[in-house]
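Asker: Going down the list, the sequences are from chains A and B.
Using the UniProt record's numbering, you'd call the opening residue of the first sequence number 1 and step up by one each time.
Using the UniProt record's numbering, you'd call the opening residue of the second sequence number 1 and step up by one each time.
Watch out, some of these pointers could steer you wrong.
Claimed, not checked - Below, simulated EDC-like cross-link-like pairs (lysine to aspartate or glutamate); rule was C-alpha separation at most 16 Å, straight line: (1) Lys67/A x Asp301/B; (2) Lys223/B x Glu244/B; (3) Lys401/B x Glu244/B; (4) Lys559/B x Asp358/B; (5) Lys140/A x Glu124/A; (6) Lys513/B x Glu359/B; (7) Lys512/B x Asp362/B; (8) Lys310/B x Asp115/A; (9) Lys310/B x Glu59/A; (10) Lys63/A x Asp362/B; (11) Lys307/B x Asp54/A; (12) Lys119/A x Asp94/A; (13) Lys141/B x Asp70/A; (14) Lys90/A x Asp137/A; (15) Lys181/B x Asp70/A; (16) Lys307/B x Glu59/A; (17) Lys307/B x Glu40/A; (18) Lys310/B x Asp54/A; (19) Lys181/B x Glu11/A; (20) Lys285/B x Glu554/B; (21) Lys90/A x Glu133/A; (22) Lys160/A x Glu76/A; (23) Lys310/B x Glu55/A; (24) Lys455/B x Glu501/B; (25) Lys140/B x Glu64/B; (26) Lys13/A x Glu134/B; (27) Lys307/B x Glu124/A; (28) Lys13/A x Asp131/B.
Said to hold, decoys possible - If you only want the chain B side, here are some residues facing chain A, beta carbon under 8 Å, derived: (29) Thr102; (30) Gly106; (31) Ala109; (32) Gly117; (33) Ala303; (34) Ser306.
Stated by the list, open to error - Computed footprint of chain B on chain A; a stretch qualifies when at least three of its residues, placed anywhere within it, have a C-beta under 8 Å from a C-beta of chain B: (35) 14–21; (36) 58–71.
The set of hints was computed from the structure by calculation and includes no laboratory data.
Values in this document were obtained by computation on a predicted structure and should not be read as measured data.
Just so it is clear, CB atoms sit at the ideal spot from N, CA and C, and this is done for glycine as well.
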Amino acid sequence: MDLHVIGLLVENKPGVLNRVANLFSRRGYNIETISVGVTENPEISRMTITLKGDEDVLEQVIKQLNKQMDIIKVTELKENYVERGLALIKVNADDPNSRSEIIQIADIFRANVVDVGKKALTIEVTGDRTKIEAITDMLKEHGIKEIAQTGTVAMSRGRKSIGG
Amino acid sequence: MKGCEAIIESLKKEGVDKVFGYPGGAVIDLYDTIHQEDEIQHILTRHEQAAAHAADGYARVTGEPGVCIATSGPGATNLVTGIATAHMDSAPLIALTGQVPTHMIGNDAFQEADITGITIPITKYNSLVKDPKELPKVMKKAFYIASTGRNGPVLLDLPKDVQQGETDFHYPENIDLRGYKPTYKGHPLQIKKASKAIMEAERPVLYVGGGVIASDATKQLTKLAEKCMIPVVTTLTGKGAFNENHPLSLGMVGMHGTKPANYAVTESDLIIAVGARFDDRVTGKLEGFAPNATVIHIDIDAAEISKNIKTHIPIVGDAKNILKDLNKKIDKIKQRKQQTEWHKKTKRWKKEHPLEYDETTDTIKPQYIVKEIDRQTPDNTIIATEVGQCQMWAAQYYQYKQPRTFITSGGLGTMGYGLPAAIGAQVAYPKRKVWNIAGDGSIQMNIQELATAVKYQLPVNIAILNNKYLGMVRQWQELFYDERYSETDLGDNPDFQRIAEGFGALGITVTKKTEVPDAIERANNTDRPVLIDFHVDREENVYPMVPAGATLSEIIDRKDVEKTQKKTKPTPMGD
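Produce the entire structure from the sequences given, and follow the hints as far as they go.
Answerer: Structure (structure tokens):
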């Protein structure tokens, strides 16, 4: 099953996120990630949803989202788009050797060490899903204590915008 | 003016003169305004669920939004079944609920329920109004959303202090919602494609749903069918969209449809679906549904396209507009051949497989009652139904000739719908005949509404096809569960005649076949609510039937079952 990225413009009103999430659960679709924030227009929020499913599921999701009154625009982002997520990863670092290794890994991924303790380092990394997966994988060897991740945010490249 | 006055003024602006509801603490202010209002008649039901069904029935027979009112908490939650019913069948409904004052929301206050949260999946739109100044706009929005595009229920939750607060009343003329732009015109290119497919098809079938009734497209549909000599099958909620006496009508399609309708769909090379959503009760097993057909799907809701069945030629828009355009386009091409092999075949099916039941017995057959009601009532009679066997017999054995004459809970299958819906229909058309065809199980789900019918002198007639069973479940238990009648025997039913009399209605009990016509005649000639308790054959089944999980072509009728009695019983493949 493919992972799809959907961009939405919605009314910035209470309950809209609930409606969107409800639609997914009611129709039996699974949200991988969802992120929301206000846009340059304070009346409008933008959501990015990633979901797994075949083309038919994607088509239904987009149509059902389009039916919602508070949803202004729905687009699937494919090929030419940028996506970013942010992860905070707390890694074991009791041993001085591993500590320098962890810092090296962070450097290679252009991640930042944002907190240093005696027993742990916290790394901040931004990037697309594959990058975050890759660094997580590398850091696993040292023992990950905790991960906090945002959902994906995405937009198409170039002049094209979701609002048309 | 006060918020509650603004609500009532808005209703008047929308041309509403009848509302259905039940008062309570959180809507006292609204009711106080209604009390002082002459232009709007309030119909007091005995249960909020009935208020929702009555408003829904009103909406289905008139085409105008029906309005129901309930208080906060339990009042509002009692509307839920009615709202879900309207939602599944796309009936325009406005539900106004009271809510605890805004400063108490979220505190688990007395009679507080998050009704907007609860009804998100079963409303087209809902909103908690937090400021009285929003009221005129939000009321306009509610009516606009409920009655445009694909119709549906809209709920407005109205806190007590919002009803009491002050607002200026400027009712907007128009409303523009950036997130909601229904499509009404069909795409010309798609229409062209469709007309070409229709002209080229050898075995076309029109598959007609409730959307044709909702868009008042009966005339355009009949024109298309006649012009191209296309046989017509309808869904349950599509009944009345096409005159069932018409030679091109093959009747209802689906689980309890006719053999000709189901055979025609299976063998067709072109399905023209209009305002229908390929419900599982229609399609049977999807793989066997019209396996060789190109599918044209006309629907106002884009999300219905390819939801269940792959569509080859989708046309999104209003059925009436699209059928009009299709007719025009086809006129320009050429006249279809009048009598084809396909016709002869469908005609032959009709002759070979009529709907039939055993007319020779002395017991009262439920089908006979429905036929007799049909014989004795004019074409514009409104038939409401409960749900189950009674519903299917009402669908099969009454011939619907006009749109908006058959109202039933199709999608949700709500027992208890019929009586309140009949009340709503009778409120809309006091002079027309309204019958509720009920089962003994269903009628007991909202039987208290007899009081409403009596109070407002609504001459609703109720025919209980009383087999002392939850008949449809019993039928399934007989066929698929080795006759283990788990909890479906209602042998201890009350005396319905005395119940009717207790409510002040006329109650009649009919135990002999010979008494059936007279009882119906008496009900038709009585100017107050009448309940007839027909004691029917206990174990009569609904046939034809497509067993669950089977394809439409595997439809069996009474004769098939008798021939192979018990040897090749249909196997259930999941419901």
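Asker: Evaluate each hint against the coordinates.
Answerer: Against the structure, the hints come out as follows:
{"no.": "1", "hint": "Lys67/A x Asp301/B", "verdict": "holds, 8 Å"}
{"no.": "2", "hint": "Lys223/B x Glu244/B", "verdict": "holds, 15 Å"}
{"no.": "3", "hint": "Lys401/B x Glu244/B", "verdict": "holds, 6 Å"}
{"no.": "4", "hint": "Lys559/B x Asp358/B", "verdict": "holds, 10 Å"}
{"no.": "5", "hint": "Lys140/A x Glu124/A", "verdict": "holds, 15 Å"}
{"no.": "6", "hint": "Lys513/B x Glu359/B", "verdict": "holds, 11 Å"}
{"no.": "7", "hint": "Lys512/B x Asp362/B", "verdict": "holds, 8 Å"}
{"no.": "8", "hint": "Lys310/B x Asp115/A", "verdict": "violated, 54 Å"}
{"no.": "9", "hint": "Lys310/B x Glu59/A", "verdict": "holds, 12 Å"}
{"no.": "10", "hint": "Lys63/A x Asp362/B", "verdict": "violated, 55 Å"}
{"no.": "11", "hint": "Lys307/B x Asp54/A", "verdict": "holds, 13 Å"}
{"no.": "12", "hint": "Lys119/A x Asp94/A", "verdict": "holds, 5 Å"}
{"no.": "13", "hint": "Lys141/B x Asp70/A", "verdict": "holds, 12 Å"}
{"no.": "14", "hint": "Lys90/A x Asp137/A", "verdict": "holds, 13 Å"}
{"no.": "15", "hint": "Lys181/B x Asp70/A", "verdict": "holds, 12 Å"}
{"no.": "16", "hint": "Lys307/B x Glu59/A", "verdict": "holds, 9 Å"}
{"no.": "17", "hint": "Lys307/B x Glu40/A", "verdict": "violated, 35 Å"}
{"no.": "18", "hint": "Lys310/B x Asp54/A", "verdict": "holds, 15 Å"}
{"no.": "19", "hint": "Lys181/B x Glu11/A", "verdict": "holds, 15 Å"}
{"no.": "20", "hint": "Lys285/B x Glu554/B", "verdict": "holds, 10 Å"}
{"no.": "21", "hint": "Lys90/A x Glu133/A", "verdict": "holds, 14 Å"}
{"no.": "22", "hint": "Lys160/A x Glu76/A", "verdict": "holds, 13 Å"}
{"no.": "23", "hint": "Lys310/B x Glu55/A", "verdict": "holds, 13 Å"}
{"no.": "24", "hint": "Lys455/B x Glu501/B", "verdict": "holds, 13 Å"}
{"no.": "25", "hint": "Lys140/B x Glu64/B", "verdict": "holds, 14 Å"}
{"no.": "26", "hint": "Lys13/A x Glu134/B", "verdict": "holds, 14 Å"}
{"no.": "27", "hint": "Lys307/B x Glu124/A", "verdict": "violated, 42 Å"}
{"no.": "28", "hint": "Lys13/A x Asp131/B", "verdict": "holds, 14 Å"}
{"no.": "29", "hint": "Thr102", "verdict": "violated, 13 Å"}
{"no.": "30", "hint": "Gly106", "verdict": "violated, 12 Å"}
{"no.": "31", "hint": "Ala109", "verdict": "violated, 19 Å"}
{"no.": "32", "hint": "Gly117", "verdict": "holds, 7 Å"}
{"no.": "33", "hint": "Ala303", "verdict": "holds, 4 Å"}
{"no.": "34", "hint": "Ser306", "verdict": "holds, 7 Å"}
{"no.": "35", "hint": "14–21", "verdict": "holds (count 3)"}
{"no.": "36", "hint": "58–71", "verdict": "holds (count 10)"}
Consistency with the previously given hints fails for numbers 8, 10, 17, 27, 29, 30, 31, ordered from lowest to highest.
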